[in-house]
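Q: Whole structure, please, built from the sequences with the hints as guidance.
As they're listed, the protein sequences go chains W and P. Each residue of the first sequence is one higher than the last, beginning at 0 in numbering that gives the first Met the number 0. Each residue of the second sequence is one higher than the last, beginning at 0 in numbering that gives the first Met the number 0.
What the hints contain is simulated information worked out from the structure, not anything from laboratory work. Hints should not be assumed to be uniformly reliable.
As the list claims (entries may be wrong) - Facing chain P, a subset of chain W residues (Cβ under 7 Å, in silico):
id, residue
1, N41
2, R48
3, S52
As the list claims (entries may be wrong) - Straight line, CA to CA, 25 Å or less: simulated DSS-like cross-link-like pairs of lysine-lysine:
id, chain 1, residue 1, chain 2, residue 2
4, W, K8, P, K133
5, P, K122, W, K49
6, P, K133, W, K89
7, W, K45, P, K243
8, W, K49, P, K243
Glycine is no exception: its CB is placed at the ideal position from the N, C-alpha and C atoms.
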Amino acid sequence: MTTNAKITKLTKKDLRGAYNTWYLSTELSNSYERLQALAFCNALAKPLRKLYSDDDEYKDALKRQLQFYNSEGTFGCLIHGITLSMEEQKSNGEPIPGEVITGLKTGLMGPVAGIGDTIIWGTMKPIILALACTFAMQGNLLGAFIPFLFPLFGYLIGYACLNFGYKVGKESIMQVMKSGLINDIITGSSILGLFMMGALSSAYVKIETPLQFSINNADPVVLQNILDQILPGILPLCAIFGIYYYFTHKGQNYNKVIFSLIAISLGCAFLGILG
Amino acid sequence: MNIIFVAAVCGIMYFLGTSKIGYHFTTALGSPIVIGLVLGLIYNDVAQGLLIGATIQLVYLGVIATGGNVPADQALAATIAIPIALQTGLSAEVAVGLAVPFGVLGVFLDQIRRTTNSIWVHKADKFAEAADMKGIMKCAIIYPAIFGFCLRFFPVFLINLVGAEAVTFVMDILPTWVITGFSIAGGLLPALGFSIIIITIGRKELLPYFFIGFFAVAYLGINTMAAAVFGSCIAILSIFNARKNSKGATL
Numbered sequence: 000m001t002t003n004a005k006i007t008k009l010t011k012k013d014l015r016g017a018y019n020t021w022y023l024s025t026e027l028s029n030s031y032e033r034l035q036a037l038a039f040c041n042a043l044a045k046p047l048r049k050l051y052s053d054d055d056e057y058k059d060a061l062k063r064q065l066q067f068y069n070s071e072g073t074f075g076c077l078i079h080g081i082t083l084s085m086e087e088q089k090s091n092g093e094p095i096p097g098e099v100i101t102g103l104k105t106g107l108m109g110p111v112a113g114i115g116d117t118i119i120w121g122t123m124k125p126i127i128l129a130l131a132c133t134f135a136m137q138g139n140l141l142g143a144f145i146p147f148l149f150p151l152f153g154y155l156i157g158y159a160c161l162n163f164g165y166k167v168g169k170e171s172i173m174q175v176m177k178s179g180l181i182n183d184i185i186t187g188s189s190i191l192g193l194f195m196m197g198a199l200s201s202a203y204v205k206i207e208t209p210l211q212f213s214i215n216n217a218d219p220v221v222l223q224n225i226l227d228q229i230l231p232g233i234l235p236l237c238a239i240f241g242i243y244y245y246f247t248h249k250g251q252n253y254n255k256v257i258f259s260l261i262a263i264s265l266g267c268a269f270l271g272i273l274g
Numbered sequence: 000m001n002i003i004f005v006a007a008v009c010g011i012m013y014f015l016g017t018s019k020i021g022y023h024f025t026t027a028l029g030s031p032i033v034i035g036l037v038l039g040l041i042y043n044d045v046a047q048g049l050l051i052g053a054t055i056q057l058v059y060l061g062v063i064a065t066g067g068n069v070p071a072d073q074a075l076a077a078t079i080a081i082p083i084a085l086q087t088g089l090s091a092e093v094a095v096g097l098a099v100p101f102g103v104l105g106v107f108l109d110q111i112r113r114t115t116n117s118i119w120v121h122k123a124d125k126f127a128e129a130a131d132m133k134g135i136m137k138c139a140i141i142y143p144a145i146f147g148f149c150l151r152f153f154p155v156f157l158i159n160l161v162g163a164e165a166v167t168f169v170m171d172i173l174p175t176w177v178i179t180g181f182s183i184a185g186g187l188l189p190a191l192g193f194s195i196i197i198i199t200i201g202r203k204e205l206l207p208y209f210f211i212g213f214f215a216v217a218y219l220g221i222n223t224m225a226a227a228v229f230g231s232c233i234a235i236l237s238i239f240n241a242r243k244n245s246k247g248a249t250l
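A: Below, the structure is given as structure tokens:
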């Protein structure tokens, strides 16, 4: 069957179709049971149909893609690309067991999610939204349109990842991930992210104390002025790293922190410590 | 202003902002700034809508749904606090205090969504057995979207119908220190967002870059765009230097 079997190749259009379906519904069907599996399977359903004209093979392929899957949706598209290229080889007669494809997906989804979460959600999203905040706070309409840069960049990066994954396949991806390039990108975006978050927190975390002491009839000593002379923004810094300390040492309970912060604010307002 | 119209718009905005239709797109649609613009247009006070939206957005800047678990719901916070604040004239900081509890409630709605989504994945198993591509598509897109609409639209619609009156009533009986407390919280809560980003980035050895950014603003007063320009240059320089050094070491 090797010589005269028709070789089915996926076209650019097939890849784009799979990507658009994925992009449209990445998290829509996310369930506790199998997370993004259904979205993954749905995105690949059409190209798989093209590859497997035989109904039984097609069913197997669909069931394979319905198994547990969860990664970051942008860089995760590398995995879609690799999966499609492996399924293509398999459908054209290469002896690739289904377990290998599943194993590859499960093996890659963790590391890829780590990269995607750091770059896309940990750096790109907060920087874009923070820029939007700056404009919006001045009442500038631009502020409401800047957030859409996030989907624009995200869409393009994801599409590039899928194509890249399809083209270079499994081995090269592993090489790229081990090479310095990815590390450099992560380090660079971490530096930019931290620098921006420093600048923004200095601008937007506002904590001041109205406390002042007057001794006899001398000019009152305004505590905030003294603090500003020691280190401007010392109270916001204390707040940020106080919360940082809590999260890294005490626990990850987001809601507990948010309610504690409100309770502290109310307490300080009642006592007149902050204002 | 027709309150039913406003409530319906809020319900729809909340659905769009949490529907997860379009991976990053839903994040932009659910941004309190975007919701602030829409409501600002309705109430004919765009500047105030944007201001309140941006102030709420700051609290949720660092929120990341790792593993799909949403720790806080910025869209619910915004679709309830912004219309009420615009209607009753609350300040942006106090609006944040009002927004935050709803941001927490939204987490439960998302848990309901992801629990019920298991139904569709089991249905999809059967469609896969029948090689039914269309059926899988319905399970992956149509059904969760319809269920999502019911889940998201009605709570926000109903709360908005009564919200402004209830808030006005409560604000009248609250002592002033409580209002002050909420505006302190409005200035303090963004600290939460920033510390979460620091933790997410998770590179302790790079923390000095945070301080450079912080004091560049505190001492020199540069604005955000300037910070982005300087930050990018510093990031690129550091990578080039690190590369040069590692090459020098291997030679």
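Q: If a hint holds in the structure, say so; if it doesn't, say that too.
A: So, going through the hints one by one against the coordinates:
1. At about 4 Å, the closest approach between the beta carbon of W/N41 and any beta carbon in chain P falls short of 7 Å, and the interface hint on this residue holds.
2. Satisfaction of the interface hint for W/R48 is found here, the shortest Cβ-Cβ separation to chain P being roughly 6 Å, below the 7 Å cut-off.
3. At about 11 Å, the closest approach between the beta carbon of W/S52 and any beta carbon in chain P exceeds 7 Å, and the interface hint on this residue is violated.
4. Only pairs whose Cα atoms come within 25 Å are accepted, and W/K8 paired with P/K133 is accepted, the gap being roughly 22 Å.
5. Distance restraint check for P/K122 and W/K49: the Cα-Cα separation of roughly 23 Å lies within the 25 Å cut-off, and the hinted pair is therefore satisfied.
6. Taking the CA atoms of P/K133 and W/K89, the gap is near 24 Å; set against the 25 Å cutoff, the hint holds.
7. Annotation: proposed proximity of W/K45 to P/K243 is violated, straight-line Cα distance about 47 Å (limit 25 Å).
8. The suggested pairing of W/K49 with P/K243 is violated, with an alpha-carbon distance near 48 Å, which exceeds 25 Å.
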